[in-house]
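If you follow the hints, you should be able to join the two separate chains into one complex; please do so.
Protein chains in written order, with the numbering used here: chain W, 58 to 287; chain E, 397 to 804.
Mixed in with the good hints there might be a few duds.
What the hints assert, rightly or not - Calculated cross-link-like contacts (lysine to aspartate or glutamate; reagent style EDC-like; alpha-carbon spacing at most 20 Å):
#1 E:Lys-588 / E:Glu-443
#2 E:Lys-512 / E:Asp-597
#3 W:Lys-88 / W:Asp-62
#4 E:Lys-570 / E:Glu-543
#5 W:Lys-129 / W:Asp-65
#6 E:Lys-791 / W:Asp-65
#7 E:Lys-794 / W:Asp-62
#8 W:Lys-161 / E:Glu-543
#9 E:Lys-794 / W:Glu-72
#10 E:Lys-570 / E:Glu-586
#11 E:Lys-588 / E:Glu-577
#12 E:Lys-794 / W:Asp-134
#13 E:Lys-488 / E:Glu-443
#14 W:Lys-129 / E:Asp-796
#15 W:Lys-161 / W:Glu-191
#16 W:Lys-175 / E:Glu-443
#17 W:Lys-178 / E:Glu-401
#18 W:Lys-118 / W:Glu-72
#19 E:Lys-794 / W:Glu-191
#20 E:Lys-587 / E:Glu-444
#21 E:Lys-570 / E:Asp-598
#22 E:Lys-791 / W:Asp-134
#23 E:Lys-588 / E:Asp-760
In case anyone wonders, no lab produced these hints; they're calculated from the structure.
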Amino acid sequence: MNVIDLDDVWRIYAEGAEPVYALQGVNLTIKPGEYAAIVGTSGSGKSTLMNIIGCLDRPSKGTYLLNGIDIKNRSDDELATIRNKTVGFVFQQFNLLGSMSALKNVMLPLVYAGIPGKERKMRAELALKEVGLENRMHHRPNELSGGQQQRVAIARAIVNRPSILLADEPTGALDSTTAGEIMDLFGRLVVEGMTVIIVTHDPETAGRSNRIIKVRDGKILEDIVMGKVS
Amino acid sequence: MNALELLSVAWQGILSNRLRSALTVLGILIGIASVITLLGIGQGAKEEAESQVQALGVNLIYIRPGSVGAGGISMGKGTAPTLTYDDALAIKENCKAVKEVAAQYSQSFQVQYGEKNTMTQINATEPAYTDIRNFFADRGRFFTDQEMADTARVCVIGDTVANDLIGEENPVGKQLLIRGELFDVIGVMEKKGMTQNMDMDDQIFIPLTTGYATLFGLNTISGKTVKNILAQSIDGEDWQAQFQITNLLRLRHNIQNPELDDFMVRTQMDIMQTAQSITGVFSLLLGATAGISLLVGGIGIMNIMLVSVTERTREIGVRKALGAKYGQILSQFVIEAVLISGCGGLLGICLGVSGSSFISNVADWPTVVTPSSIVLSAVVSVAIGLFFGIYPARKAAKLDPIVALRSE
Chain W
58 MNVIDLDDVW
68 RIYAEGAEPV
78 YALQGVNLTI
88 KPGEYAAIVG
98 TSGSGKSTLM
108 NIIGCLDRPS
118 KGTYLLNGID
128 IKNRSDDELA
138 TIRNKTVGFV
148 FQQFNLLGSM
158 SALKNVMLPL
168 VYAGIPGKER
178 KMRAELALKE
188 VGLENRMHHR
198 PNELSGGQQQ
208 RVAIARAIVN
218 RPSILLADEP
228 TGALDSTTAG
238 EIMDLFGRLV
248 VEGMTVIIVT
258 HDPETAGRSN
268 RIIKVRDGKI
278 LEDIVMGKVS
Chain E
397 MNALELLSVA
407 WQGILSNRLR
417 SALTVLGILI
427 GIASVITLLG
437 IGQGAKEEAE
447 SQVQALGVNL
457 IYIRPGSVGA
467 GGISMGKGTA
477 PTLTYDDALA
487 IKENCKAVKE
497 VAAQYSQSFQ
507 VQYGEKNTMT
517 QINATEPAYT
527 DIRNFFADRG
537 RFFTDQEMAD
547 TARVCVIGDT
557 VANDLIGEEN
567 PVGKQLLIRG
577 ELFDVIGVME
587 KKGMTQNMDM
597 DDQIFIPLTT
607 GYATLFGLNT
617 ISGKTVKNIL
627 AQSIDGEDWQ
637 AQFQITNLLR
647 LRHNIQNPEL
657 DDFMVRTQMD
667 IMQTAQSITG
677 VFSLLLGATA
687 GISLLVGGIG
697 IMNIMLVSVT
707 ERTREIGVRK
717 ALGAKYGQIL
727 SQFVIEAVLI
737 SGCGGLLGIC
747 LGVSGSSFIS
757 NVADWPTVVT
767 PSSIVLSAVV
777 SVAIGLFFGI
787 YPARKAAKLD
797 PIVALRSE
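Isolated chain E (complex conformation) (with noise of 0.2 Å):
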């Protein structure tokens, strides 16, 4: 008996009762099927937060302040007022493997145009920014060191901020009322869209030295304190800039113990990670629920077999009379239910995959099917056929043929 005589046996076995077999196979295809999907899903999710940290900027390394503490009640980490510009200028002067440093001021005021008002973010910094964020100036041009030395009131605005206020003429040459200070809008940014739950377009930018001398004053006690600090290494050197300038910041703030960091340093590759351990968490639960529906499929082709076994013990019987040896009989039932599964698979993969775009028509979700979950799933197909069909088969084979015969 060869292969292709063993499939067609199995193939009969599969006929001879149509519905029954279609739904277990419907069983395993909703199961291969939401692996396809929900794994898309997990992916899309993955590849969307990679993307949103890539959109953070170049070889970004992110300076926050610690947290205030009091009496053992922690405020969260970026609320002690303890980074200072004087810190950025440091970092800059003596960090070698950091290449762009931007210090951060950022506070919500009324802003005003003509008639128009909008409430909005006012990002007072420096001009290295834009190259660490990789953000840039779309109309006009952002500040300069020039300006920023000369503390010069020009700002630039955020997209949104443009067509809030100016709308449709060009912003570029206008004035704004920022806290009743009056500035020169020269450039407009391009569009970024929201990163990292912020709106990137809604914010205005300003010279941080203009920042200090007219909207945001002088903390006197610890100098011009900045809300975060941004950095940007050179290529390849991430972790030693995070070295140098942890080792700075601690002899600046004169930190002897490394629990009581009054700072925290973060590169993109720390971000990363943590967005990519959040999105693998995500995916897991996923594919556990998926699998769970597999599991379930695959009980469902045991079931279906051993009632098939029970059913066809005559015919068993009358097939190992006629000849049939044990391995025969098992093969028989074993690939009928790895046809089963098999076909499951298949049409799984295929409503996986249109699922999967489906979802990410409609409902514009990302969702990224790899090849790789499509083996796995083509794999996993079949070793559930193999699997939940083998102990039927066994059972089957195994039958005593006289027993067999007499059986109703």
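Next up, chain W with everything else stripped away, as it sits in the complex (with noise of 0.2 Å):
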């Protein structure tokens, strides 16, 4: 079965005199385990397709099935449910609470799905190894650099096994050195198992995936599948 399953995916801002049509019948199916990167210049559509394939926006038409469940006449708090449980976050500006330290901030997906305290903990902490912060934990996120900023964020976004992870230009913000070291994390998530979609402009860290999907104009230009797919 498919994670990511759209079919004839339109989104329409229907707001102003002209409706906007940010997707134009996107059809694209991602399997478990694949390491993608949606491509696009700005204006492309790549954003409304990340959103929607996050489950922060729905589909004006067509059919979106995200682990074979249709995502279509879902509330707002089933949604959430859902972004809960199945998709982890990474953004480029980290986006990490800063009145918290990094494990509460890696606790925090595990608090809005009702995890009891003790586990809560202990996963969080096994994700923050997972990344290699485990020295870091107690440190609030001004207290870190950018890469490792970005690492506490990538274990927030794993900590609650999410079937996938959904990274929104995950290096714009870092240096080459540490963008590298991030993308060698994203890599390795992939061969332990995780599927991870890389929403970026850069052809550099879209290179480093296994295929390539080249928005342009609100519809999919290209889609090339260079590696092996496991």
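If you want it as structure tokens, here you go:
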């Protein structure tokens, strides 16, 4: 079964005089364990596509099955639960909560998942260990470097064992060395079986994945599978 | 997410901007403290007024002449010489619900003792006065019915008069000159203090009959007029007594139209109700003033919460992306507002209670903080947090996560 199955998905913004067609009949399937990059210039529709894949937005038309579950007609709260359980987000600006320690930040999705306190802490510690930050657990974001902050964000994204890891320009705010390290981390997560989708405009970052999906004018222009898909 | 976690998330939010939270708490604190203090002052004034009315006597009924009116000019109640000693005797004779009656006639005279002299109120009355007013002789005794009948030249002096004229010595057995007439001092009244704006200790009591015979003279047209008549009803029959007295006086004064009554009969309950309605208005004004400051505090909470929601838009977006539901974001901010107002309420109650006792001690103003005003304040402070927190919290919970994540 596919993790992601988009069938003729449209996203139309009806505000204003002229409707804006952000997505125009996108068909896309992603299998478990794939490492895909969605690339495109700004305004190409890749952010809209990412929002829909991440269940932050709903298609105007067409069907989106996430893990075989149709997300049409889901309430906001149901989408929140789906995001919590099946999608891990990594953002360009890290988006860690400044008032909390790294550990507390990583525990946050587990809080909303209703995981009991003890297990929450254990799992968060494990996730931080996985990204190599076991010695920085009690630091606040402003006491960590950019690369370390992004690692915390990745730990937060994987702590609830989601079906997909959705990273929006994850290296956009990092220098090239650190960016390389973060990309290595994604590579390792893929090897461990995680499905990773990176949204980027940077060809180098995209080149690290196994599959490049080029988006332009709300449509998929090219879909290149480069390596072996596990 | 259980209640404790919601509480800790909200607490984190408060701690993340301590100064701002503290200032907002201060707004509620001042509001609640002023509610407690001002309600305490109001309650104190009420109880003070009630105790003053209680001090007037026991089951007291107060009968005064009506007003003098001529050509549309009214001189105010009590100015007409329409009540007579015979009225008092008739009330004693006929009104079954009345236990005791004491007519009063009073006038100020110069009083002399040896080298000293003073101007004081001469209160000519009857022996029942002491029981009705619950006001007794401390040293010596009050005059008797026999002394009334004999028009005896005896007097009972107030504590102030005793100190002013006679000083340290025992006044009982001494003699005073009142308007040149010689009176034997047979007693000194207990200290009573101020009642209804009158110094109860600065007066001299003499038998009413003696007063007519020696000091006031007789009014030959209307007989022996009195300034007022005090009556004491049988326990629990003050309304009946008032009714009987009113009817009797109308009959005696030949009045058919109640609007033309040349007297007025008020029970202690009437006086109490007047006092209560005055202090009630007083309390209401104080409460309203405090309520306004509380309202301002509440608006302060709303203001700060709105700023907080705007500032933390991205945080809300992140929380939503990570799976926070509408209700979870809503409760985070509502609880934050309630915590702020609750803290303010708690501290305000402490400050209000100590402020009230401070006013009592320093300004000598009676204040009474009732448990109900404390409970009320606690409930109101929480309610304010709820009321003023819900709008900003809804605003936060309704944010579109995409828009929120994109905000700076």
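Quick rundown of the hints versus the structure:
1. Our distance criterion of 20 Å between C-alpha atoms is met by E:Lys-588 and E:Glu-443, whose separation comes to about 18 Å.
2. Proximity of E:Lys-512 to E:Asp-597 is assessed by CA-CA distance (about 18 Å); at most 20 Å being required, the pair is judged to hold.
3. Restraint check for W:Lys-88 and W:Asp-62: the C-alpha separation of about 9 Å stays at or below 20 Å, so the hint holds.
4. With a C-alpha separation of about 17 Å, the suggested pair E:Lys-570 and E:Glu-543 falls inside the 20 Å cut-off, and the hint holds.
5. Annotation: proposed proximity of W:Lys-129 to W:Asp-65 holds, straight-line Cα distance about 13 Å (limit 20 Å).
6. Annotation: proposed proximity of E:Lys-791 to W:Asp-65 is violated, straight-line Cα distance about 34 Å (limit 20 Å).
7. Taken as a hint, the E:Lys-794 and W:Asp-62 pair is broken in the structure, with Cα atoms around 29 Å apart against an allowance of 20 Å.
8. Only pairs whose Cα atoms come within 20 Å are accepted, and W:Lys-161 paired with E:Glu-543 is rejected, the gap being roughly 94 Å.
9. For the hint linking E:Lys-794 to W:Glu-72, the alpha-carbon distance of about 19 Å falls within 20 Å, and the restraint holds.
10. For a cut-off of 20 Å, the pair hint linking E:Lys-570 to E:Glu-586 stands: about 18 Å separates their Cα positions.
11. Simply put, E:Lys-588 and E:Glu-577 have alpha-carbon atoms about 27 Å apart, too far for the 20 Å limit, and the pair is violated.
12. About 11 Å separates the Cα atoms of E:Lys-794 and W:Asp-134, which keeps this hinted pair within 20 Å; it holds.
13. Under the criterion of a C-alpha separation no larger than 20 Å, the hint pairing E:Lys-488 with E:Glu-443 is inconsistent with the structure, at around 33 Å.
14. Annotation: proposed proximity of W:Lys-129 to E:Asp-796 holds, straight-line Cα distance about 17 Å (limit 20 Å).
15. Distance check on the hinted pair: W:Lys-161 and W:Glu-191 sit about 13 Å apart at the alpha-carbon level, within 20 Å; holds.
16. Restraint check for W:Lys-175 and E:Glu-443: not satisfied, since their Cα atoms lie roughly 57 Å apart, outside the 20 Å limit.
17. About 14 Å separates the Cα atoms of W:Lys-178 and E:Glu-401, which keeps this hinted pair within 20 Å; it holds.
18. Simply put, W:Lys-118 and W:Glu-72 have alpha-carbon atoms about 16 Å apart, close enough for the 20 Å limit, and the pair holds.
19. For the proposed pair E:Lys-794 and W:Glu-191, the alpha carbon gap of about 36 Å is over 20 Å, so the pair is violated.
20. Restraint check: the Cα-Cα separation between E:Lys-587 and E:Glu-444 comes to about 18 Å, which is no more than 20 Å; the hinted pair holds.
21. Distance hint between E:Lys-570 and E:Asp-598 is fulfilled; the C-alpha atoms sit about 18 Å from each other, no more than 20 Å.
22. At most 20 Å may separate the alpha-carbon atoms for a hinted pair to count; E:Lys-791 and W:Asp-134 meet this at roughly 16 Å.
23. For the suggested pair E:Lys-588 and E:Asp-760, the alpha carbons sit about 19 Å apart, so the restraint of at most 20 Å is met.
Checked against the numbered hints given earlier, the structure breaks hints 6, 7, 8, 11, 13, 16, 19 and satisfies all the rest.
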